[in-house]
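Go ahead and model the full structure; you've got the sequences and the hints to work with.
Protein chains in written order, with my numbering: chain A, 1 to 257; chain B, 258 to 374.
Incorrect hints may appear among the rest.
[Claimed, not checked] Negatives, chain B to chain A, calculated, CB over 12 Å:
(1) Gln269
(2) Ala285
(3) Ser319
(4) Gln349
(5) Ile350
[What the hints assert, rightly or not] Stretch-level coverage of chain A by chain B, calculated; a stretch enters the list once three of its residues show a Cβ under 8 Å from a Cβ in chain B:
(6) 22–33
(7) 45–52
(8) 142–156
(9) 190–199
[As the list claims (entries may be wrong)] No more than 30 Å apart at the CA atoms, straight line, and that leaves these computed lysine-lysine pairs for DSSO-like:
(10) B/Lys271 <-> A/Lys76
(11) A/Lys55 <-> A/Lys100
(12) A/Lys54 <-> A/Lys76
(13) A/Lys54 <-> B/Lys271
(14) A/Lys100 <-> A/Lys76
(15) A/Lys242 <-> A/Lys117
(16) A/Lys54 <-> B/Lys312
(17) B/Lys335 <-> A/Lys55
(18) A/Lys117 <-> A/Lys76
(19) A/Lys58 <-> A/Lys76
(20) B/Lys312 <-> B/Lys271
(21) B/Lys260 <-> A/Lys55
(22) A/Lys58 <-> B/Lys260
(23) B/Lys312 <-> B/Lys335
(24) A/Lys117 <-> A/Lys54
(25) A/Lys55 <-> A/Lys76
(26) B/Lys260 <-> B/Lys312
(27) B/Lys271 <-> B/Lys335
(28) A/Lys100 <-> A/Lys54
(29) A/Lys117 <-> A/Lys58
(30) B/Lys335 <-> A/Lys54
No wet-lab data here; the hints were simulated from the structure.
Glycine included, every Cβ here is placed at the ideal spot set by N, Cα and C.
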Amino acid sequence: MSNMEQPGENSHSGMWAQPVDTLSAGDMPEGLTAINIQGRRAIGALQGFGQLWKKTYKVRLSGVNRSSAEVMQIWKENFALFQPPGNRFYLPSGGVTPGKIMWIDSPLPVAPPFYDKPGLVPMTSGVMILYADDESFSVMTPEGFPVSGWNNFSVYEEDGSRVAQVQSFERASDPIYEFGFRFMGGAARQEFIWVHVLTQLSNHFGVNGQVTMTRECLDPSIQWAYAGRVWQNAGMRTTLYKVATPLRWFMNFFRGK
Amino acid sequence: MSKANITLNVRQTKPDTSVIDIQGEINAFAENVLMDAYTQATSNGARNILLNFEKLDYMNSSGIGLLVTLLIRAQRQKQRLIAFGLNEHYRQIFELTRLNEAITIYPGEEEALAMAV
Numbered sequence: 001m002s003n004m005e006q007p008g009e010n011s012h013s014g015m016w017a018q019p020v021d022t023l024s025a026g027d028m029p030e031g032l033t034a035i036n037i038q039g040r041r042a043i044g045a046l047q048g049f050g051q052l053w054k055k056t057y058k059v060r061l062s063g064v065n066r067s068s069a070e071v072m073q074i075w076k077e078n079f080a081l082f083q084p085p086g087n088r089f090y091l092p093s094g095g096v097t098p099g100k101i102m103w104i105d106s107p108l109p110v111a112p113p114f115y116d117k118p119g120l121v122p123m124t125s126g127v128m129i130l131y132a133d134d135e136s137f138s139v140m141t142p143e144g145f146p147v148s149g150w151n152n153f154s155v156y157e158e159d160g161s162r163v164a165q166v167q168s169f170e171r172a173s174d175p176i177y178e179f180g181f182r183f184m185g186g187a188a189r190q191e192f193i194w195v196h197v198l199t200q201l202s203n204h205f206g207v208n209g210q211v212t213m214t215r216e217c218l219d220p221s222i223q224w225a226y227a228g229r230v231w232q233n234a235g236m237r238t239t240l241y242k243v244a245t246p247l248r249w250f251m252n253f254f255r256g257k
Numbered sequence: 258m259s260k261a262n263i264t265l266n267v268r269q270t271k272p273d274t275s276v277i278d279i280q281g282e283i284n285a286f287a288e289n290v291l292m293d294a295y296t297q298a299t300s301n302g303a304r305n306i307l308l309n310f311e312k313l314d315y316m317n318s319s320g321i322g323l324l325v326t327l328l329i330r331a332q333r334q335k336q337r338l339i340a341f342g343l344n345e346h347y348r349q350i351f352e353l354t355r356l357n358e359a360i361t362i363y364p365g366e367e368e369a370l371a372m373a374v
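Written out as structure tokens, the structure is:
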């Protein structure tokens, strides 16, 4: 906070996304589809279907002589590069900016033993950048995304070292995803992804950091009121979209497009 | 780790209602003090927990996560979480994150207390 700011004033408003009713595809990367973003609402951890989990992943960057802001800047710039194979993230033009969409093309797993390999069910969607400052940023999910909630990414100082952290507050968005998380390797895949990202971040700084992970089930209950979200399931819709691709080509051919 | 820059005061206004006055910043470092305040606020059997944001300086997205954690704990104990004193900016943040669908917001303490029945 700068010295000019007064308590309670709107001084941090630029760090948060502006409220919107529905999301807009904006500058979508080439080759992706907007069907799971355009017109979708952003939803939080309270609006999903499955059990609510808080998961915290940390890696200590011992010996890294950089400020938290410098580490976060490098993390933001390389966010897509630090993802595991098959998990494609697309930063918006201008980088991590509140309100923009970070596009994601990440096939969903279907077999628990292969959680560390790219999945088989196509899923194209994205997340809205909810908040960003020099040392942290957060993303919020749209309707139809595998999870409903937030992911916070931060760097801070602890006992003389920088610590990079990923913390998620989220629950499966619908019954299909809940089944996938529990029985098809979805939860293991998700945990693998963030451990991989933090490992890549520490490797970037020449540190062989050990990633720790804690998980806490904040709410074990199922919210049946959101079972209907299955119709917005981004995995299902992306699959149908891809299956229908030859038909669209055929139709466009005869329309002369 | 950075220190929490928050001061919380707990007061019981009615037998079933406690108010937590928040002064300072709600971020990841506020977790322990916020949860301690919640424990204190509910120790006398209060069913309505009012969060007073009138002196909130700053809240980041980690703070939203803390409020969700607090909300879930309250709901599991069949307690109500009520907010008042949010400025326009943080009222918008509550709407953006859709916390306002689970935490009722009132302009001031008087209105919040009137509804805490």
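Hint by hint, here is what the structure shows:
With a least CB separation of 25 Å from chain A, B/Gln269 remains clear of the 12 Å interface cut-off, as annotated. Non-interface status of B/Ala285 relative to chain A is broken: a Cβ of that chain comes within 12 Å, the nearest being about 7 Å off. Once the 12 Å rule is applied to beta carbons, B/Ser319 is inconsistent with being away from chain A; the minimum gap is 5 Å. For B/Gln349, the requirement that its beta carbon stay farther than 12 Å from each beta carbon of chain A is not met, with the minimum near 5 Å.
A cut-off of 12 Å between C-beta atoms contradicts the statement that B/Ile350 is not in contact with chain A; the least separation is 6 Å. Note: the stretch 22–33 of chain A has 0 residues with beta-carbon separation from chain B under 8 Å; the three-residue rule is not met and the coverage is violated. Evaluation of the coverage hint for the stretch 45–52 of chain A: fulfilled, as 4 residues show C-beta separations to chain B shorter than 8 Å, against a requirement of three. With 4 residues having a Cβ less than 8 Å from any Cβ of chain B, the stretch 142–156 of chain A passes the three-residue criterion, so the hint holds.
Evaluation of the coverage hint for the stretch 190–199 of chain A: breached, as 0 residues show C-beta separations to chain B shorter than 8 Å, against a requirement of three. At roughly 48 Å between alpha-carbon atoms, B/Lys271 and A/Lys76 are farther apart than 30 Å, so this suggested pair is violated. Simply put, A/Lys55 and A/Lys100 have alpha-carbon atoms about 24 Å apart, close enough for the 30 Å limit, and the pair holds. Of the supplied pair hints, the one linking A/Lys54 and A/Lys76 holds, its CA atoms being roughly 22 Å apart against a limit of 30 Å.
For the hint linking A/Lys54 to B/Lys271, the alpha-carbon distance of about 33 Å lies beyond 30 Å, and the restraint is violated. With a C-alpha separation of about 14 Å, the suggested pairing of A/Lys100 with A/Lys76 holds against the 30 Å cut-off. Note on A/Lys242 and A/Lys117: the hinted pairing holds, with a Cα-Cα distance of about 21 Å set against a maximum of 30 Å. With a C-alpha separation of about 28 Å, the suggested pairing of A/Lys54 with B/Lys312 holds against the 30 Å cut-off.
Our distance criterion of 30 Å between C-alpha atoms is met by B/Lys335 and A/Lys55, whose separation comes to about 24 Å. Annotation: proposed proximity of A/Lys117 to A/Lys76 holds, straight-line Cα distance about 24 Å (limit 30 Å). For a cut-off of 30 Å, the pair hint linking A/Lys58 to A/Lys76 stands: about 16 Å separates their Cα positions. Distance check on the hinted pair: B/Lys312 and B/Lys271 sit about 22 Å apart at the alpha-carbon level, within 30 Å; holds.
Taking the CA atoms of B/Lys260 and A/Lys55, the gap is about 22 Å. The hint holds against a cut of 30 Å. With a CA separation close to 18 Å, the supplied pair A/Lys58 and B/Lys260 stays within the 30 Å bound. Note on B/Lys312 and B/Lys335: the hinted pairing holds, with a Cα-Cα distance of about 27 Å set against a maximum of 30 Å. For the suggested pair A/Lys117 and A/Lys54, the alpha carbons sit about 24 Å apart, so the restraint of at most 30 Å is met.
Taken as a hint, the A/Lys55 and A/Lys76 pair is honoured in the structure, with Cα atoms around 20 Å apart against an allowance of 30 Å. This hinted pair checks out: B/Lys260 and B/Lys312 have alpha carbons roughly 19 Å apart, not beyond 30 Å. Annotation: proposed proximity of B/Lys271 to B/Lys335 holds, straight-line Cα distance about 17 Å (limit 30 Å). Taken as a hint, the A/Lys100 and A/Lys54 pair is honoured in the structure, with Cα atoms around 24 Å apart against an allowance of 30 Å.
Of the supplied pair hints, the one linking A/Lys117 and A/Lys58 holds, its CA atoms being roughly 22 Å apart against a limit of 30 Å. The suggested pairing of B/Lys335 with A/Lys54 holds, with an alpha-carbon distance near 21 Å, which does not exceed 30 Å.
In terms of the numbered hints stated before, the structure departs from hints 2, 3, 4, 5, 6, 9, 10, 13, listed from lowest to highest.
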